Amino acid sequence: MKIKVESRDFKKTIKLPEKSTVKDLMQKLKLRTEDYVISKNKKIVLPDEKLKDGDEIKLYSVISGG
Amino acid sequence: MKCSYCGKKAVVNLRYAGKKFCEKHFIDFYERKVRRVIKKNNMFSRKEKIGVGVSGGKDSLVMLYLLKKMHYDVTAIAIDEGIKGYRDKTLPYVKKLCAELDVPLHLYSFKQEYGMTLDQIHSKKKTLACSYCGVLRRSLLNKAARELRCDKLAIGHNLDDEVQMIIMNLTRSELLRLARSGPVVGLVKHGKFVPRAKPLRECSEKEDVIYALLKGIEYSEAECPYAHEAFRSTVREAINLMEEKHPGVKIGILRSFDRMLPFLRKYFSKTSASELNECVECGELTSGKLCKACELMKNL
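Chains as they are written, first to last, in this note's numbering: chain A, 1 to 66; chain B, 1001 to 1300.
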């Protein structure tokens, strides 16, 4: 399945096996879940959230500002 | 995962609190926490005018939103340090929220106050942008709050900022700095000093992001190009690693510091370090003859 991912630093489409979770996606992106607040289709979700084809993920960095 | 309070789908898992929250119960939890911090530290009264330091980032805008929601008399103060490609991106968020909340906004700049932008300072002193910015910004915020006749100045320091500050000062043996910090900053009272209060100091930066998103508060995600202070980054990484392995470390450090603070303040209030004088150059407060801002500008 294909998942659209957007963050402050990038925008890309990631291929993942069926039944993958947000945690699997973050591992594939080599990012720590602790460093982000994650939304799926504009709703905040936890890392155990299951994904399906076409889902839109947005990553909000916890660290920002000065 | 389900909300610990209502069984609905959880969107937040706060391991240090041992609780999971749905959207509604997280908002309740967060707002209750900020109210409790304000109350237990006697931060503000309804009669006071509060200057709110705003940058356009998540912390300061959440703080402005909440203080306004709690019906305090607030006025926003923004400092334009003159960082091209950064501050010009964050200030529109400040202006937008102030307009939405009907809060007056007062803009001050390094260029106007010190005759130089931070970019210009950086071009002269390559490695010291953060040191200069911290001192000049703090001094200008105090001056602005005083000019605007504010009784208190609210700043958006979160739990992560506070814990990093505590550890950095401990490792550098900067005990006087620690004594001056705390929920309401200031060791002694002085007519020229506007006490700085930190209503978000028990909220982690992640909680601030979640609250902003749930409340639809738009903020800038931009990161300051100079914000790469090596020691702070090391401290942040170390504390985050400890928190990940042992949830509760951050709030534990803060609580321990709060219990030590009265002893530190009592100790330093008996020393000459607590004396405040007016700077011979600009009239702002200093423990010596020349304030830190004037000293730094002279060194350029």
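Since the hints were derived computationally from the structure, they do not count as laboratory data.
Treat the numbers as computed from the prediction; the structure is a model and nothing was measured.
Don't be surprised by glycine CBs; every beta carbon is placed ideally from N, CA and C.
Some hints here could point you the wrong way.
Part of the chain B face toward chain A, derived, beta carbon under 7 Å [to be verified]:
1) M1001
2) K1002
3) N1013
4) L1014
5) E1223
Derived lysine-lysine pairs resembling DSSO-like cross-links, with alpha carbons at most 30 Å apart [claimed, not checked]:
6) K30(A) <-> K1096(B)
7) K52(A) <-> K1215(B)
8) K1095(B) <-> K1192(B)
9) K19(A) <-> K1095(B)
10) K58(A) <-> K1002(B)
11) K1049(B) <-> K1096(B)
12) K1068(B) <-> K1020(B)
13) K30(A) <-> K1019(B)
14) K1215(B) <-> K4(A)
15) K1008(B) <-> K4(A)
16) K1008(B) <-> K43(A)
Status of the hint placing M1001(B) at chain A (closest C-beta pair under 7 Å)
It holds, given that the least Cβ distance between M1001(B) and chain A is near 6 Å, below 7 Å.
Distance restraint between K30(A) and K1019(B), which requires alpha-carbon spacing of 30 Å or less
holds, 27 Å
Straight-line Cα separation of K1215(B) and K4(A) no greater than 30 Å?
holds, 24 Å
Status of the hint placing E1223(B) at chain A (closest C-beta pair under 7 Å):
Interface hint status for E1223(B): holds (5 Å vs cutoff 7 Å).
Hinted pair, alpha-carbon criterion (30 Å max): K30(A), K1096(B). Please report holds or violated.
violated, 35 Å
Please verify whether K1095(B) and K1192(B) have alpha carbons no more than 30 Å apart.
holds, 28 Å
Between K1068(B) and K1020(B), does the CA-CA distance stay at or below 30 Å?
holds, 27 Å
Holds or violated: are the alpha carbons of K19(A) and K1095(B) at most 30 Å from each other?
Roughly 43 Å separates the two Cα atoms, so the pair is violated.
Would the hint on N1013(B) be counted as holding, given a Cβ-Cβ threshold of 7 Å to chain A?
holds, 6 Å
Can the hint on L1014(B) be confirmed by a CB-to-CB distance to chain A that is less than 7 Å?
violated, 11 Å
For a C-alpha distance cap of 30 Å, please report whether K1008(B) and K4(A) respect it.
Satisfied, since the Cα-Cα distance of roughly 27 Å is no more than 30 Å.
Does K1096(B) lie within 30 Å of K1049(B) when you go C-alpha to C-alpha?
Between K1049(B) and K1096(B) the Cα gap is close to 22 Å, so the pair holds against 30 Å.
The structure fails hints 2, 4, 6 and 9 (numbered hints given earlier, in ascending order).
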